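Q: Sequence:
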Amino acid sequence: MIFELRQYTSVPVRRDKWVKCMEEEIIPFQVKMGMVILGSFVGEEDESVYVWIPPVRERAGAQAPLRFSSTRATTGKNEISPRVPTLIDRRADQGHPPAGDAALGHQ
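Numbering (this note's numbering), first residue to last: 3 to 109.
To be clear, the hints were calculated from the coordinates, so they are not data collected in a lab. Since we're looking at a predicted model, the values are computed, not measured. Heads up, the beta-carbon is just placed ideally off N, CA and C, and yes, glycines get one too. There's no promise every hint is true.
Stated by the list, open to error - Quick list of simulated restraints, FRET-style, between CB atoms:
no.: 1; residue 1: Val13; residue 2: Glu46; range: 15 to 21 Å
no.: 2; residue 1: Met35; residue 2: Arg93; range: 26 to 32 Å
no.: 3; residue 1: Glu47; residue 2: Glu81; range: 30 to 36 Å
no.: 4; residue 1: Arg85; residue 2: Ile4; range: 27 to 33 Å
no.: 5; residue 1: Asn80; residue 2: Pro14; range: 24 to 30 Å
no.: 6; residue 1: Asn80; residue 2: Met37; range: 29 to 35 Å
no.: 7; residue 1: Met37; residue 2: Val13; range: 22 to 28 Å
Kindly produce the complete structure, drawing on both the sequences and the hints.
A: Listed below in structure tokens is the structure:
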């Protein structure tokens, strides 16, 4: 299995809320959906940095983030995903997969 390293920048005063959301909601949700998460880390020097390591699967010969399409996945999409933009700085994460649906495994 191949994994990817995803890095997000939290809104400066909301890093603790972002980490709590990832570790208590998003990652357990992903594990429940069958995803193996190798790690979840906060930046040592830059307190706004958050990194996690989800799997990647090969799709049509190219690397693509592992996604789930399931009725159960709508719970994450409808309940967790809307809060994500209030916790991370999407402008700082240019070039990274968007959080929200991506963190929850949605396309």
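Q: For every hint, state whether the structure bears it out.
A: Checked hints:
1. Val13 <-> Glu46: 15 to 21 Å: Roughly 19 Å apart at Cβ, these two residues keep to the hinted range, so it holds.
2. Met35 <-> Arg93: 26 to 32 Å: Between Met35 and Arg93, where Cβ atoms are some 29 Å apart, the hint holds.
3. Glu47 <-> Glu81: 30 to 36 Å: holds (33 Å)
4. Arg85 <-> Ile4: 27 to 33 Å: holds (29 Å)
5. Asn80 <-> Pro14: 24 to 30 Å: holds (27 Å)
6. Asn80 <-> Met37: 29 to 35 Å: violated (19 Å)
7. Met37 <-> Val13: 22 to 28 Å: holds (25 Å)
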